[in-house]
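A.B. asks: Read off the chains here:
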Amino acid sequence: MSNTALQGRGKPQLRLRNMTDTNLLTMITIIVFVVMYLFAVIVLKKGFLKPQMLLNILNENAALIILSCGMSLVMITGGIDISVGGVTALVCTACAVYLDKQGGNVPMAILLAVGIGLAFGLVQGYLVAYLEIQPFIVTLAGMFFARGMTTIINTDPFNVAHPGFVALKGTRITVPFLGSYNKHGNYISAYIEIGVIVALLAAAVLFLVLKWTKTGRSFYAVGGNRQSALMLGVNVRRTVFLSHLFCGLLAGIGGFVYFMHVGSCAPSHASGAEMNAIASSIIGGTMLTGGVGNIIGTFFGVVSLALIQQIVSSVGLDQAWWTGITVAAMLCVFLVVQSVIISRRKKANLTAAAENTR
Amino acid sequence: MTAKTTVKSGSFLSGLLRHQIVIPLAAILLLTLFNLIADPSFFRIKLGMTNAGNPVLTGNLITILDSGSELAILAIGMTLVTAASGGQDISVGAAIAISGSVILRILCGPPGAYSGELQAPIFVAFLAACAVSMIFGAFNGSLVAFFRIQPMVATLILFTAGRSIAAWINNNKLPIISDDRFSYYGGYLPGVPIPTPFFIAVICFVITWAILKFTNLGLYVQSVGINEKTSRLNGLNPELIKFATYVLLGLCVAVSGFIKVSRVSTLNYSVIAKDIEMDAILAVALGGNALSGGKFSMSASVLGAYVLQYLTTTLYKFHVKPESLSAYKAVVVILLVILSAPAVREKLSSLVKKLHSPASSAGQSA
Numbered sequence: 214m215s216n217t218a219l220q221g222r223g224k225p226q227l228r229l230r231n232m233t234d235t236n237l238l239t240m241i242t243i244i245v246f247v248v249m250y251l252f253a254v255i256v257l258k259k260g261f262l263k264p265q266m267l268l269n270i271l272n273e274n275a276a277l278i279i280l281s282c283g284m285s286l287v288m289i290t291g292g293i294d295i296s297v298g299g300v301t302a303l304v305c306t307a308c309a310v311y312l313d314k315q316g317g318n319v320p321m322a323i324l325l326a327v328g329i330g331l332a333f334g335l336v337q338g339y340l341v342a343y344l345e346i347q348p349f350i351v352t353l354a355g356m357f358f359a360r361g362m363t364t365i366i367n368t369d370p371f372n373v374a375h376p377g378f379v380a381l382k383g384t385r386i387t388v389p390f391l392g393s394y395n396k397h398g399n400y401i402s403a404y405i406e407i408g409v410i411v412a413l414l415a416a417a418v419l420f421l422v423l424k425w426t427k428t429g430r431s432f433y434a435v436g437g438n439r440q441s442a443l444m445l446g447v448n449v450r451r452t453v454f455l456s457h458l459f460c461g462l463l464a465g466i467g468g469f470v471y472f473m474h475v476g477s478c479a480p481s482h483a484s485g486a487e488m489n490a491i492a493s494s495i496i497g498g499t500m501l502t503g504g505v506g507n508i509i510g511t512f513f514g515v516v517s518l519a520l521i522q523q524i525v526s527s528v529g530l531d532q533a534w535w536t537g538i539t540v541a542a543m544l545c546v547f548l549v550v551q552s553v554i555i556s557r558r559k560k561a562n563l564t565a566a567a568e569n570t571r
Numbered sequence: 003m004t005a006k007t008t009v010k011s012g013s014f015l016s017g018l019l020r021h022q023i024v025i026p027l028a029a030i031l032l033l034t035l036f037n038l039i040a041d042p043s044f045f046r047i048k049l050g051m052t053n054a055g056n057p058v059l060t061g062n063l064i065t066i067l068d069s070g071s072e073l074a075i076l077a078i079g080m081t082l083v084t085a086a087s088g089g090q091d092i093s094v095g096a097a098i099a100i101s102g103s104v105i106l107r108i109l110c111g112p113p114g115a116y117s118g119e120l121q122a123p124i125f126v127a128f129l130a131a132c133a134v135s136m137i138f139g140a141f142n143g144s145l146v147a148f149f150r151i152q153p154m155v156a157t158l159i160l161f162t163a164g165r166s167i168a169a170w171i172n173n174n175k176l177p178i179i180s181d182d183r184f185s186y187y188g189g190y191l192p193g194v195p196i197p198t199p200f201f202i203a204v205i206c207f208v209i210t211w212a213i214l215k216f217t218n219l220g221l222y223v224q225s226v227g228i229n230e231k232t233s234r235l236n237g238l239n240p241e242l243i244k245f246a247t248y249v250l251l252g253l254c255v256a257v258s259g260f261i262k263v264s265r266v267s268t269l270n271y272s273v274i275a276k277d278i279e280m281d282a283i284l285a286v287a288l289g290g291n292a293l294s295g296g297k298f299s300m301s302a303s304v305l306g307a308y309v310l311q312y313l314t315t316t317l318y319k320f321h322v323k324p325e326s327l328s329a330y331k332a333v334v335v336i337l338l339v340i341l342s343a344p345a346v347r348e349k350l351s352s353l354v355k356k357l358h359s360p361a362s363s364a365g366q367s368a
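In order, the protein sequence lines correspond to chains A and B. Residue numbering for the first sequence follows the working numbering, beginning at 214 and increasing consecutively. Residue numbering for the second sequence follows the working numbering, beginning at 3 and increasing consecutively.
Some clues are possibly wrong.
[Stated by the list, open to error] Quick list of in silico lysine-lysine cross-link-like pairs, BS3-like style, CA-CA up to 30 Å:
id : chain 1 : residue 1 : chain 2 : residue 2
1  : B       : 231       : B       : 215
2  : B       : 355       : B       : 297
3  : A       : 559       : B       : 231
4  : A       : 263       : A       : 382
5  : B       : 215       : A       : 314
6  : A       : 263       : A       : 314
7  : B       : 323       : B       : 48
8  : B       : 231       : A       : 560
9  : B       : 215       : B       : 323
In short, the hints are calculated from the structure, not lab data.
Produce the complete structure using the sequences and hints provided.
C.D. replies: Written out as structure tokens, the structure reads:
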């Protein structure tokens with residue numbers, strides 16, 4: 214047995230087999246993103262080579278990155294949270310009303326956003342983990358509640374005029390060395406918004422937590438097999454509770470980042486954000502069955518989703534429906550490929566195990 | 003003897019409490035009580051006349067029966083899908099948009115060509131919608147059954163693409179059908195005072211009930227949902243059964259899409275049947291069915307659908323804004339779900355026992 218393992222070390226084929234599902238799926242996502250980007254640069258050319266193009270994708274999707282990180286966390290634990298879009302809309306409206314109509318200040322608004330997110334995470338986590346209600350139903354009710362509360366607070370969309378907030382919204386951080394020259398030879402510096410920093414920070418922290426802390430590993434353990442996690446001494450209920458709590462917290466932060474990006478409130482804000490977050494997580498290699506997933510993959514899932522929309526519109530398919538159809542087609546391809554790969558790997562592992570025991 | 007009867011009634015009560023239909027029934031009872039106390043005129047039914055001189059019944063109860071129909075029809079299919087695959091189809095709203103779009107395309111001909119005259123019989127349009135919806139159902143079903151993708155994720159594909167496809171079929175045009183015959187299916191048949199959608203829902207329910215009663219489909223679906231491996235060992239084909247439930251759901255989608263389009267004689271691709279997938283799943287959950295598959299009760303789901311509509315109508319009655327409806331709905335749903343959660347139920351039943359045991363022991367000593 215040790216002999217075969219030694220032999221296998223040299224061959225790339227076998228090394229692929231030795232990779233964990235998480236790493237394999239993440240690798241596929243990154244490769245697809247790179248191939249797509251290269252295709253865009255070589256075939257379409259229209260400005261895809263400019264760094265600002267990529268940075269704009271980040272600017273547009275900072276909130277989605279944060280929401281998707283939370284979603285991945287819950288999905289790794291084997292649950293789902295479809296309330297994040299609703300929470301985002303609620304945070305936007307609550308903060309907007311607080312800032313403009315009640316004369317609040319920005320730090321308190323941020324606290325308010327985080328508080329709303331935490332409250333949702335707390336209640337949903339308790340219901341899912343300790344009362345053992347299906348996460349789908351709990352968070353569905355959470356979504357309904359958030360969307361309803363949004364309209365109860367305020368129905369008419371408006372732009373926030375609070376000076377401190379407008380200054381925060383307009384803050385642009387220049388990225389050194391990545392600017393480009395326009396037709397007249399003037400240097401245009403590349404920039405990102407504050408939200409991007411928050412998103413990258415959140416993703417990095419979550420990545421580190423998932424990779425190197427005991428709590429982080431227990432998320433994978435619970436998602437992979439609840440029964441064995443319990444037998445290994447993992448506090449399953451607490452882990453599930455924490456996953457929803459973190460997801461709620463991230464939804465609150467993501468909501469504020471979204472709010473910083475759009476600077477307005479409307480009940481229809483972030484509609485479908487939960488499905489986009491789920492789609493990004495899936496494209497990033499997180500499996501809804503739990504136990505498999507990675508924040509880096511999720512990050513690339515979000516940017517791949519944004520990139521394909523960009524490509525579709527610059528190819529000339531500018532009717533609104535093409536976006537929906539291409540995103541769905543991409544999702545479909547990813548899902549089928551993942552499913553085939555995973556089932557083939559399972560079979561291969563089984564035969565390998567059978568050979569080893571022989 | 004008295005002790006005996008109390009024990010018996012207790013076991014009967016607990017037996018009833020254990021049956022899942024008790025959840026929607028209790029909800030109906032609660033809502034009815036609430037309405038009776040708040041405003042008994044809620045239950046008034048009037049016989050009116052339409053402009054054309056047809057008798058129609060109006061009243062809140064009729065509204066519930068009328069507008070709950072699409073949801074009830076969807077709940078039928080959703081129950082089967084949930085039971086067999088242990089997951090839910092979240093694409094039904096988008097699929098309704100597609101089937102509605104197909105109906106318009108067939109009835110009005112190519113985009114922009116409609117001149118007020120139906121281009122095809124309504125029946126043909128309905129059949130076409132059924133066929134298309136079943137194809138999309140088959141697409142979902144094959145992803146779930148053969149590629150073993152989680153149902154919610156697999157149907158996320160059609161959820162994302164559905165409304166886009168619907169807009170694409172009619173080139174984003176919204177023809178309005180001005181034929182009276184078409185509006186019968188979402189309104190009233192001449193001379194019949196009860197809205198047609200209710201009849202359609204009843205027909206769908208009876209047909210499915212008969213199929214479940216006289217064939218083994220129900221048993222097969224349950225056994226696949228409870229344990230796929232053992233049902234395979236017993237000679238069933240789990241993939242095929244899962245696949246079949248999704249195709250059946252496609253049929254249900256076509257029927258409710260037909261009603262939806264007939265109600266307004268046109269459709270708005272981005273708004274039609276919005277969030278109905280969530281309501282349909284809620285109906286199944288309110289019916290006490292486990293969303294993880296296995297045992298199911300069709301009638302409980304259908305009742306659950308009407309409970310949701312009952313709740314909606316009640317809230318409208320109290321002048322809740324349509325946009326804010328979902329918040330109240332969420333509170334009620336959470337309360338219901340908490341009460342029906344196994345952990346809470348256990349605690350409640352132990353509490354009941356505690357209350358019961360000193361009383362019964364006192365009765366025996368007396």
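A.B. asks: Against each hint, give a clear statement of whether it holds in the structure.
C.D. replies: Each hint tested on the structure:
no. : hint            : result
1   : 231(B) x 215(B) : 25 Å, holds
2   : 355(B) x 297(B) : 27 Å, holds
3   : 559(A) x 231(B) : 17 Å, holds
4   : 263(A) x 382(A) : 24 Å, holds
5   : 215(B) x 314(A) : 61 Å, violated
6   : 263(A) x 314(A) : 41 Å, violated
7   : 323(B) x 48(B)  : 25 Å, holds
8   : 231(B) x 560(A) : 16 Å, holds
9   : 215(B) x 323(B) : 42 Å, violated
Going down the numbered hints, you'll see the structure goes against 5, 6 and 9, while the others check out.
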